[in-house]
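Given the sequences, and given the hints that come with them, work out the whole structure.
Chains as they are written, first to last, in the UniProt record's numbering: chain A, 1 to 612; chain B, 1 to 86.
One or more hints might be untrue.
As the list claims (entries may be wrong) - Label-pair ranges, simulated between beta-carbon atoms:
(1) Asp-224/A <-> Gly-47/B: 26 to 32 Å
(2) Gly-74/B <-> Gly-563/A: 55 to 61 Å
(3) Glu-128/A <-> Gly-47/B: 57 to 63 Å
(4) Ala-17/B <-> Leu-383/A: 27 to 33 Å
To be verified - Away from chain B, derived, C-beta distances all over 12 Å, residues of chain A:
(5) Arg-17
(6) Gln-145
(7) Ile-221
(8) Phe-297
(9) Glu-310
(10) Glu-502
(11) Ala-565
(12) Lys-567
It is worth saying that the hints were derived from the structure and are not from the lab. Backbone N, C-alpha and C fix where the C-beta goes; we use that ideal spot for every residue, glycine too.
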Amino acid sequence: MGRGGFFERYLRVDLGRRTAEHVPLDEATRRAVVGGVGLGALLLTRETKPRFDPLGPEAALVLAFGPLVGTPLTTSAKLAFVAKSPLTGRISDGLSSSSFAIAGKRAGVDAIVIVGEAAEPSIVLIDEEGAEVVPCPDLWGRDFQISEASERLGKEYPEHRFAVIGVAGERLVRYAGIANEGRHAGRGGLGAVLGAKRVKAIGVRGSRAVPLADAEATLRIAKDLARRSLGPATEKYRSLGTVANLSTFNRLAALPTRNFQASTFEEARRIEGEVLHETRERGRGSCKNCTIGCEHFYEVRPGQRPVKMEYENLFALGPLCGIGDPEVVLRASSACDELGIDTISSGGTIAFAMECAERGLFPAGPLAEEARDLRFGACERMLALLGDIARRRTALGDLLAEGSRRAAEMLGGDAPSFAPHVKGMEIPGYEPRALQTMALGFAVGTRGADHNRSGAYEADFSGKVNRFEASEESAAHAVAAEDRAAVMDALILCKFLRRAMENFFGEAAEMLRAVTGLPFEAEELERAGGRITLVRRLFNEREGWTPAEDTLPARFFEEKLPGGAAKGAGIDREGFARSIKAYHARRGLDEQGYVPADIAQEMASLLGGRKR
Amino acid sequence: MVTIELYGVARLRAGRAAIEVAACSLGEALAALGVACPALEPLIVAGGRLAPGWLVALNGAQITADPEMALGEGDVVVLVSADAGG
Ligand code: SF4
Chain A
1 MGRGGFFERY LRVDLGRRTA EHVPLDEATR RAVVGGVGLG ALLLTRETKP
51 RFDPLGPEAA LVLAFGPLVG TPLTTSAKLA FVAKSPLTGR ISDGLSSSSF
101 AIAGKRAGVD AIVIVGEAAE PSIVLIDEEG AEVVPCPDLW GRDFQISEAS
151 ERLGKEYPEH RFAVIGVAGE RLVRYAGIAN EGRHAGRGGL GAVLGAKRVK
201 AIGVRGSRAV PLADAEATLR IAKDLARRSL GPATEKYRSL GTVANLSTFN
251 RLAALPTRNF QASTFEEARR IEGEVLHETR ERGRGSCKNC TIGCEHFYEV
301 RPGQRPVKME YENLFALGPL CGIGDPEVVL RASSACDELG IDTISSGGTI
351 AFAMECAERG LFPAGPLAEE ARDLRFGACE RMLALLGDIA RRRTALGDLL
401 AEGSRRAAEM LGGDAPSFAP HVKGMEIPGY EPRALQTMAL GFAVGTRGAD
451 HNRSGAYEAD FSGKVNRFEA SEESAAHAVA AEDRAAVMDA LILCKFLRRA
501 MENFFGEAAE MLRAVTGLPF EAEELERAGG RITLVRRLFN EREGWTPAED
551 TLPARFFEEK LPGGAAKGAG IDREGFARSI KAYHARRGLD EQGYVPADIA
601 QEMASLLGGR KR
Chain B
1 MVTIELYGVA RLRAGRAAIE VAACSLGEAL AALGVACPAL EPLIVAGGRL
51 APGWLVALNG AQITADPEMA LGEGDVVVLV SADAGG
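Set out below in structure tokens:
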């Protein structure tokens, strides 16, 4: 029996019935999936029926904490938002860090599940007693920026911490995110799931200390981890932040440019991290309870509030759209954060539209008229389009609010060949042809193209594999990277700690033993990583996943990279299919890639008697 | 001569984006780099080897940390952090 880390229950809020109940969570469940994304995936499966509409009242949004949240361990102030994505129709989870995570856990729960639909636009206020649904007519439909809405809520309910959606979430943009204290659960449209429930914000407060089974050991581990978090393994994040990737990726020809038509960008020098650091950096910050502090803020214009920038925002709103003006990229990133849309999907969808416009793929009529001046590098046009998408204003904005896959299907003709997605999720800033183990990680990802749930790029950057070729060895790296990411996201700790930990599963088990008192072991955690991936796969299968989805867009097989250090690189279709088969086999899946019936049967009790 | 290009933290620490050295192997090039830019020792290069978490891409393509790797006239050694996360 454990004595710490968990409150052994979750709160289930039914918006339609206006009820809230605490539901027990047994030890077997906690040990099987740990917490965070694992617990979120499991509760999402348990709380929904097959083939539900992600934007319908029957949809569930899960907020799952991890056993380490609320402890002194660095970077542990995190939670996972988990739901069926309105963008992909598959599972999606977004992690976010802030005092919201700590306050939510201190409400005395390991997770919060929100189902149903509010009768009118509302906020949900959660505390140790339960939940209250409070109408918020003054906040809904007013086109507030996220910072303004958050400020108003903070003034009215000073004891609560809030997760908020922007105008894009209200308008059901399929890649709307959920924001809390400047951090965003961005990917997969979880903000639209909340918007469909007519919930503008979730407020949490709590005063229950998170119990520690062995406080002395936890403190000792926390101190040691904090010390290591300040070592050379995290120097990149502290001194430059993730924007440091841009110049390196450009040199290695791995920087997606102009909707993946190229992998080097001739204007990269203007927006690379080193130059932003020298010319525009105006301060650093960190998530709550983090000793690393990878957030870097850059000046847009003198006198204006500096803007936080990360590599993914920079690549997606910069080179991917052919834009090399640093001020425009910073403004675009800030606009996405304030409107509440995912930067990667925004950049990916607009870049797709730019290519369609240049190729003349918009059918004659209002759409073609609107897209007339849409070109790679069209700075002001891109900025305007972000607002149109978030508000579903204008025909083009409304179309692109659907994401690149749906927009391409609606356009028809050749357009689907140029939509940069896997399972409907726009591809992050790692060119698949130049990083082919990462390409495999993208193809098999349960969330779609995903650099956070698969760290397979690490193999490409290790020298252990040929980065221009996906192989059977790539499959082993892809599985290992997924398992480790799943456990990090279940604990939950920040992935930027990973190189500061020499023996990840061993150290994670030690932390869990100290915090929970449960006898976690390294091997058990490694198995939990695989199990979490299988839970996600089973959810996707239940919602209609087919093996054909584990692939990449045709462009990557049919077009070679045109220049730079990866000139001539392309993905061999047969070779890639073999590496996918190798991945499926290593993951323990059947010939087609389905979870075998005996494993599904074994997991049925965990998933609430789920039937295939 | 061999050109070593520096990116990210290495560029910040060295205060330059590239350096030319005479070297026939990666180990020789890294040793020369450490001498020319002492701020890189020992956390990025140490005695002709790369510190953990650092790699080179030969001419931007083949990624390696092997100090025995032969270099020829005109080769470009791109020094990068293996930590591509973000
Ligand atoms: S390293 Fe960065 S992303 Fe990770 S917890 Fe710290 S500030 Fe947040």
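Report holds if the minimum CB distance from Ile-221/A to chain B is greater than 12 Å, and violated otherwise. holds (22 Å)
Could you let me know if the closest chain B CB is still more than 12 Å away from the CB of Lys-567/A? Its Cβ does come within 12 Å of chain B, the nearest being 9 Å, so this is violated.
Verify this label for me: Arg-17/A is non-interface relative to chain B, using a Cβ-Cβ cutoff of 12 Å. holds (42 Å)
With d taken as the least Cβ-Cβ distance between Glu-310/A and chain B, does d exceed 12 Å? violated (6 Å)
Outside-interface status for Glu-502/A - nearest CB in chain B farther than 12 Å: The claim is violated: Glu-502/A sits with its nearest Cβ about 10 Å from chain B, within 12 Å.
Does Phe-297/A clear chain B by more than 12 Å, comparing its Cβ with all Cβ atoms of that chain? holds (16 Å)
Please check whether Asp-224/A and Gly-47/B have a Cβ separation lying inside 26 to 32 Å. Holds - the Cβ-Cβ distance for Asp-224/A and Gly-47/B, about 28 Å, lies within 26 to 32 Å.
Beyond 12 Å from each Cβ of chain B, as asserted for Gln-145/A: Holds, since 25 Å exceeds 12 Å.
State, for the Cβ atoms of Gly-74/B and Gly-563/A, whether the hinted interval 55 to 61 Å holds or is violated. violated (19 Å)
Given a hinted range of 27 to 33 Å, is it respected by the beta-carbon distance of Ala-17/B and Leu-383/A? Because 31 Å falls inside the window, the suggested range holds.
Verify the CB-CB distance for Glu-128/A and Gly-47/B against the hinted window 57 to 63 Å. For Glu-128/A and Gly-47/B the Cβ distance comes to about 58 Å; the hint holds.
Over 12 Å from every CB of chain B: does Ala-565/A meet that, or does the non-interface label fail? violated (3 Å)
Comparing the model with each numbered hint stated earlier shows that hints 2, 9, 10, 11 and 12 do not hold.
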